[in-house]
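K.L.:
Read off the chains here:
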Amino acid sequence: MSSTPEAKVAVATPAAAAGRPPLPWRPALEGVVIPVGAVLVALALFGLFCFVQGRNAFAVFAAINKAAFGSWYAFQNTLVRAAPLMLTALATALPARLGLVVIGNEGALVMGGLAATVAGLAVQTAPLLVVLGVMLAAGMIGGGLWLAIVGALYYQRGVNETIASLLLNYIAIALLNHLVNGPLRDPSSLNKPSSFPIPDEKMLPVIGSSNVHYGLFFGIAACLLAWVLMEHTTFGFKVRMIGGNIRAARLAGLPVALLGIITCFLAGAAAGAAGMVEVAAVHGRANESLAAGYGYAGILVAFVARHRGLPIILVATLLGGILASGGILQREFKLPDATILVFQGLVFLVILFSDSLYGKFGFFKEERR
Amino acid sequence: MGGWGVVVGVLSGAVRGGTPFLLVSLGECLTEKSGKINLGLEGVLLMGAMSAYACAYKTGSPWVGVVAAALAGAILGAIHALLISRPRVNDIAAGIAMLIFGSGCAFYFGKPFIQPSAPQLPGIPLGGWSDVPQIQAALKISPLFIFGVAMAFVLQWFFRGTRWGMQVRAVGDSPAAARALGISVPRTRFFAIVLGSALGGIGGAHLSLFYPGAWTEAISSGQGLMAVALVIFARWNPVHCLWASLLFGGAQAVGPSLQAVGISTGYYLWNASPYVLTLLVMLFTCSTKRTLAGAPGALGASS
Numbered sequence: 050m051s052s053t054p055e056a057k058v059a060v061a062t063p064a065a066a067a068g069r070p071p072l073p074w075r076p077a078l079e080g081v082v083i084p085v086g087a088v089l090v091a092l093a094l095f096g097l098f099c100f101v102q103g104r105n106a107f108a109v110f111a112a113i114n115k116a117a118f119g120s121w122y123a124f125q126n127t128l129v130r131a132a133p134l135m136l137t138a139l140a141t142a143l144p145a146r147l148g149l150v151v152i153g154n155e156g157a158l159v160m161g162g163l164a165a166t167v168a169g170l171a172v173q174t175a176p177l178l179v180v181l182g183v184m185l186a187a188g189m190i191g192g193g194l195w196l197a198i199v200g201a202l203y204y205q206r207g208v209n210e211t212i213a214s215l216l217l218n219y220i221a222i223a224l225l226n227h228l229v230n231g232p233l234r235d236p237s238s239l240n241k242p243s244s245f246p247i248p249d250e251k252m253l254p255v256i257g258s259s260n261v262h263y264g265l266f267f268g269i270a271a272c273l274l275a276w277v278l279m280e281h282t283t284f285g286f287k288v289r290m291i292g293g294n295i296r297a298a299r300l301a302g303l304p305v306a307l308l309g310i311i312t313c314f315l316a317g318a319a320a321g322a323a324g325m326v327e328v329a330a331v332h333g334r335a336n337e338s339l340a341a342g343y344g345y346a347g348i349l350v351a352f353v354a355r356h357r358g359l360p361i362i363l364v365a366t367l368l369g370g371i372l373a374s375g376g377i378l379q380r381e382f383k384l385p386d387a388t389i390l391v392f393q394g395l396v397f398l399v400i401l402f403s404d405s406l407y408g409k410f411g412f413f414k415e416e417r418r
Numbered sequence: 364m365g366g367w368g369v370v371v372g373v374l375s376g377a378v379r380g381g382t383p384f385l386l387v388s389l390g391e392c393l394t395e396k397s398g399k400i401n402l403g404l405e406g407v408l409l410m411g412a413m414s415a416y417a418c419a420y421k422t423g424s425p426w427v428g429v430v431a432a433a434l435a436g437a438i439l440g441a442i443h444a445l446l447i448s449r450p451r452v453n454d455i456a457a458g459i460a461m462l463i464f465g466s467g468c469a470f471y472f473g474k475p476f477i478q479p480s481a482p483q484l485p486g487i488p489l490g491g492w493s494d495v496p497q498i499q500a501a502l503k504i505s506p507l508f509i510f511g512v513a514m515a516f517v518l519q520w521f522f523r524g525t526r527w528g529m530q531v532r533a534v535g536d537s538p539a540a541a542r543a544l545g546i547s548v549p550r551t552r553f554f555a556i557v558l559g560s561a562l563g564g565i566g567g568a569h570l571s572l573f574y575p576g577a578w579t580e581a582i583s584s585g586q587g588l589m590a591v592a593l594v595i596f597a598r599w600n601p602v603h604c605l606w607a608s609l610l611f612g613g614a615q616a617v618g619p620s621l622q623a624v625g626i627s628t629g630y631y632l633w634n635a636s637p638y639v640l641t642l643l644v645m646l647f648t649c650s651t652k653r654t655l656a657g658a659p660g661a662l663g664a665s666s
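Residue numbers (the working numbering), protein chains in the order written: chain A, 50 to 418; chain B, 364 to 666.
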């Protein structure tokens, strides 16, 4: 074709031909306005809930904000909670790009924590970096293999990935209980059966002079890596192609099963790293505290962030702040700790509802007709 | 009692522990027959348990509690149904949101009811023929179990022998064909999900008003989520849901029963046995070539 560039543009966009400039920023704006609007609506609904319960909604919001982001000390607490959320969110976000809904975050976290504990105890006399390196590797492999089972079951046998990953959560928690009550049990842990502890000097240290441990670094690094991997590599393109149309991907000759299982492994490895962080930086040992709900909250983060690596960092920090403010609501407003759960549920419901609004507003179209 | 004690323990556990499984799985079965999954039944179960306990405590009648549980379940089901009738809303994600929201509401409103004790549902004593107290205790059946068994057969008849049942199956198997027949897909799904959630709520009433018979935040051990797996195990057949629920309830009772006679090895592993069992069944019966026999055709599709 020997047409000029101008002619091509004219063919591509009638709006330009009609003399109006195309508006490429409007679709991008839609992706910001709708989630932010949804969060605002959820805040309003939660405010209404507080009002009905006889509390001053604005005072509650102010308290949450103060407890989550009000001071450097509070923000550190938020970041400590955000770190495992970033990692567990990836366990749902990565397979979501394949078109799979995997909810095995909690199980992969528990298996990662268990593997990290066993490996860390085995090499506890080695230097700090070796202990941490071995624990991280073991945690990632433990969690990764756990979710690779889900991928293998799906691609080899057609087993529903959501149900399989859900079942594996319960199996992982049962394994954890079995091991910390039996083979791994430290006889001195009476009230809360636990494994033998990782020596204090071999724990994951804090960053500089803050209270925030290096788990935050792992979380941010993992989200950035996931972002690059999924959006800017051929691997990510292949994965997104499978998610878009699995038959087309097969016809194009992609090794669908292999790519799928690798993605599930990476997803589990991220959640397994969260388990390692919880053991190596927070609990110091494996016990039932590992299954504290970071896995299920991670599913929420992944969906709210629409399964993208960079927004996960932001959403996990916000949710970390909300989780960190549970105590102050209890002390200052006599609101039960479940208030935070109600709030999370409201945010999740409104965000899901907002997904159905994409494309509904003419304003966000690139060109008007 | 010895060995027999274990058998009696497992059997009574199958009936007592199986009842919530039964009611929740029947609710899930009805929901899935219409072509959608409701993972939020765990939240429904907790909300049902809490409302049943609270209303039984306030009014003094456990039966009012059962009705309240069904209503609470229906309300949560209605939210789920309205949400997933929207375009591009994933039913599994919505289920997890409802799970968080439902359990949050249950814990929030249930806080004041953890201490007081509410009137319990009367057990139906079927063990009068035996002198052994353990057997008498084991055969004290929950009225909700009887209700569940009846519902299993009613639902079986509903799907096979009634016009409405056919409509639900048509919507679940092929929404396009159902639409062509003039059946409203969203409305059918709405009713299936709301009624299914009401059944799930009644399952919660069994937890707080019969066995274990108190409201605590740890009252459900994932029966609501397990129901989804159980329905697959039962191949979307209500009567098979009954057998599968008894099996799951019994499997959960194996660990405690063995512990009662002094065998505590593998106590926690026994707890996982229903999950392992379901996974194995899915592993051996699923195939990438075809869908499961009995699975509603539209299940998992985005329409």
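If you're looking for bench data, these hints aren't it; they were derived computationally from the structure. It is possible that some hints are incorrect.
[Unchecked claim] Simulated pairs of lysine-lysine, DSBU-like, Cα-Cα distance not exceeding 30 Å:
#1 K421(B) with K503(B)
#2 K652(B) with K287(A)
#3 K241(A) with K383(A)
#4 K383(A) with K421(B)
#5 K652(B) with K241(A)
#6 K474(B) with K421(B)
#7 K474(B) with K115(A)
#8 K474(B) with K383(A)
#9 K414(A) with K287(A)
#10 K115(A) with K414(A)
[Said to hold, decoys possible] Residues from chain A that face chain B, not an exhaustive set, calculated with beta carbons under 8 Å:
#11 V90
#12 R206
#13 L349
#14 L390
Since the model is a prediction, treat every value here as computed from it, not as a measurement. A virtual CB, placed ideally from N, CA and C, is assigned to each residue, including glycine.
K.L.:
Given the hint that K421(B) pairs with K503(B), test it: the Cα-Cα distance must not exceed 30 Å.
P.N.:
At roughly 26 Å apart (the allowed maximum being 30 Å), K503(B) and K421(B) satisfy the hint.
K.L.:
Is it true that the CA of K652(B) sits at most 30 Å from the CA of K287(A)?
P.N.:
holds (23 Å)
K.L.:
Are the Cα atoms of K414(A) and K287(A) separated by 30 Å or less?
P.N.:
At roughly 28 Å apart (the allowed maximum being 30 Å), K287(A) and K414(A) satisfy the hint.
K.L.:
Do the numbers back the hint for L349(A), that is, is its least Cβ distance to chain B under 8 Å?
P.N.:
holds (7 Å)
K.L.:
For the pair supplied as a hint, K474(B) and K115(A), confirm whether the alpha-carbon distance does not exceed 30 Å.
P.N.:
holds (25 Å)
K.L.:
Hint R206(A) vs chain B: min CB-CB distance below 8 Å?
P.N.:
holds (5 Å)
K.L.:
Taken at face value, is the distance from the CA of K421(B) to the CA of K383(A) at most 30 Å?
P.N.:
holds (22 Å)
K.L.:
Keeping to a limit of 30 Å between CA atoms, is the pair of K115(A) and K414(A) held or broken?
P.N.:
violated (39 Å)
K.L.:
Hint check: K474(B) vs K421(B), CA-CA at most 30 Å. Holds or violated?
P.N.:
Distance of about 14 Å is within 30 Å: holds.
K.L.:
How about V90(A): closest beta carbon in chain B under 8 Å, or not?
P.N.:
For V90(A), the interface hint is violated, since the closest Cβ of chain B sits about 14 Å away, which is over 8 Å.
K.L.:
Once the shortest beta carbon distance from L390(A) to chain B is found, is it less than 8 Å?
P.N.:
holds (3 Å)
K.L.:
Holds or violated: are the alpha carbons of K652(B) and K241(A) at most 30 Å from each other?
P.N.:
Answer violated: K652(B) to K241(A) is near 47 Å, above 30 Å.
Checked against the numbered hints given earlier, this structure breaks hints 5, 10 and 11; the rest are met.
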